[in-house]
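Trainee: What follows is each chain in one-letter form.
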Amino acid sequence: MPFPPSPVVPTLPLTFQPLPYSSLQGRAGFSGFPSPAQDYEPRTLDLNTRLIKNPTQTFYLSATGDSMEGWGIFDGDLLVVDRSIKPRLGHILVAMFEDEVLIKRYALYLGTPHLCSAHPHYPPLPLEGTNCQLWGVVRAVIHEYLR
Amino acid sequence: MIGLVDANNFYVSCERVFDPALEGKAVGVMSNNDGCIIARSAEMKAMDIPMGIPSFKLESLRRRGDIYLKSSNYELYGDMSARLCQLLRDTCPAVSPYSIDEMFIYLEEFTDKQCQILGEWLRRRIRRHLGLPVCVGLAPTHTLAKLANHLAKESPHYQGVCLLSAQSATTMALLKQTPVGSVWGIGHRLAERLAINDIHTAWDLREMDIQQLRKRYSVVIARTALELRGTPCLHMNALDQPRHRIMTSRSFGQPSGVKTEVHNALRRHAQRSAEKLREQRSLTRAVMIFLNTNRHRRDQPQYFPHAMVPLPSPSDDTRTILEAVHQGLEQIYRPGYKFMKAGVILLDLVDAEQYQLSLLHQPPRNRHPYLMATLDTINQRMGQGTISFGMTDAKAAWQLRCAHRSNRYTTRWDELMQAGTHPGAIQECAARK
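For the record, the sequence lines run as chains A and B. Here the first sequence is numbered in this note's numbering, starting from 1 and rising by one per residue. Here the second sequence is numbered in this note's numbering, starting from 1 and rising by one per residue.
Note that these hints are calculated values from the structure, not bench results. Where a beta carbon is used, it is the ideal one built from N, C-alpha and C, also for glycine. Where hints are given, some of them may not hold.
Reference excerpt, derived from the structure (chain B facing chain A, CB under 7 Å, subset only) [said to hold, decoys possible]:
# : residue
1 : Gln86
2 : Pro232
3 : Met417
4 : His422
5 : Ile426
Label pairs and their in silico Cβ distance ranges [said to hold, decoys possible]:
# : chain 1 : residue 1 : chain 2 : residue 2 : range
6 : A       : Leu110    : B       : Arg127    : 25 to 35 Å
7 : A       : His91     : B       : Gly390    : 20 to 30 Å
8 : B       : Glu59     : A       : Thr44     : 49 to 59 Å
Model the full assembly from the supplied sequences, consistent with the hints where possible.
Mentor: Listed below in structure tokens is the structure:
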């Protein structure tokens, strides 16, 4: 059933936008001969289906700062964050830590769970006794060399 | 069972998903053009700041940092609403969105116990996956589900999920406390009329004789009474009945007395109204336009004109409506006034199909259905205003004012949420730039 009329015109969420070329037309010239490739329903590969398993729960963020470079996350990188994943040790997380949005690795430090960075200047942040809330799990990081 | 999933303070909650600093603070969202408050957080409600209060009255509170005010960010709210709807569709057999923050779910073949468990599960899931707090009301009918949802919001001991069965003692007690005017679909006027006949509470209405209600009032009230008894008789298609008039109006970002600017604003409203008209497959018989100066500026000359332009025959053609707007403006425009608001109202609507079927009417003149349909399709696909009539100036005075709008985090690549790699990283980065 359609939305009742409202002042809102939802723009398509970024996580739902498909690649512009969704299928290749398998045709063999004007002869009327069907192309042998037709039965295979050729689809060009779509990065969305690879990187985004749950579009409803996936959000894009951008990383700021240099202290996660050791784990391959650079300043300005695009983060694909899936909020439906249960976090496990070793995951890269986005968390609300003391009113700040942080990207960190969830790991054990001295036997207790901490948010760790990949830089010696920034010590692991303990989860116990702090105001920390999970926001989502980072499924992929996209680093663009040309922009 | 029917469930109503309703997001708590939806606009504020959307803002909080992306801005942790707003958590636990008094937050308000302002209307188009930052005019007045249209959504409040629980903290703001607790401060007794009323709905609809003009934003300028809160300016000092905002400066002191006691409250946070946000311009409305409809792109963000629309996106979060679509996600909420999709999440429900993934898990429920049938979903029907009722408004931007209310969705009905249909749970036939589920027992009460199962519905309760599903409701609790949905609530947790929406909170975790989208970051939105919601309440769930469950009941055999739409009207009772709406009441159940209200109860789930107001009484903390339900923990956000309330199930009302038709015959339980809780339902009876609740209906006896509920004034009839708070029942879904019973407006303030109707409540007054009901009060004359000693119908004060929802329970009074439920216990009335249905035939009598139908005779004395209307079928709609009789149906509402049946719904309160637990007999479903409202269907979703009845809920979004076509409207009988269509209004599009907006305050100017800055007051303007220039005729072309006022005209441009009216033209844009006319085009939007015509789109809405075609969407619900109606024709309009008359176009009304109105202009307002700023009532609060006693020092400036005041003028609140309106003009009604009847159409030669019912129409849904944007060009006909634009012509009528032009005529109307010629009638009422006077130089020397600073206008604050302009609007277009389409009145006296008729159903397009019924009209065309009737042999007694002349066929609508000057109709180009394909042109209008193509226009609507393009604008729906490519975004509102992709194709419009005449030129509209992007820098005109009637563009929206939105000084405190948060980023459009989910629909614009250059406005994504930032995640710092260590505490203070975002500030350091901002300082460097």
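Trainee: Work down the list of hints and note, for each, if the structure agrees.
Mentor: Now for the hints, and whether the structure bears them out:
no.: 1; hint: Gln86; result: holds, 4 Å
no.: 2; hint: Pro232; result: violated, 16 Å
no.: 3; hint: Met417; result: holds, 5 Å
no.: 4; hint: His422; result: holds, 4 Å
no.: 5; hint: Ile426; result: holds, 5 Å
no.: 6; hint: A:Leu110 / B:Arg127: 25 to 35 Å; result: holds, 32 Å
no.: 7; hint: A:His91 / B:Gly390: 20 to 30 Å; result: violated, 54 Å
no.: 8; hint: B:Glu59 / A:Thr44: 49 to 59 Å; result: holds, 54 Å
Checked against the numbered hints above, the structure breaks hints 2, 7 and satisfies the rest.
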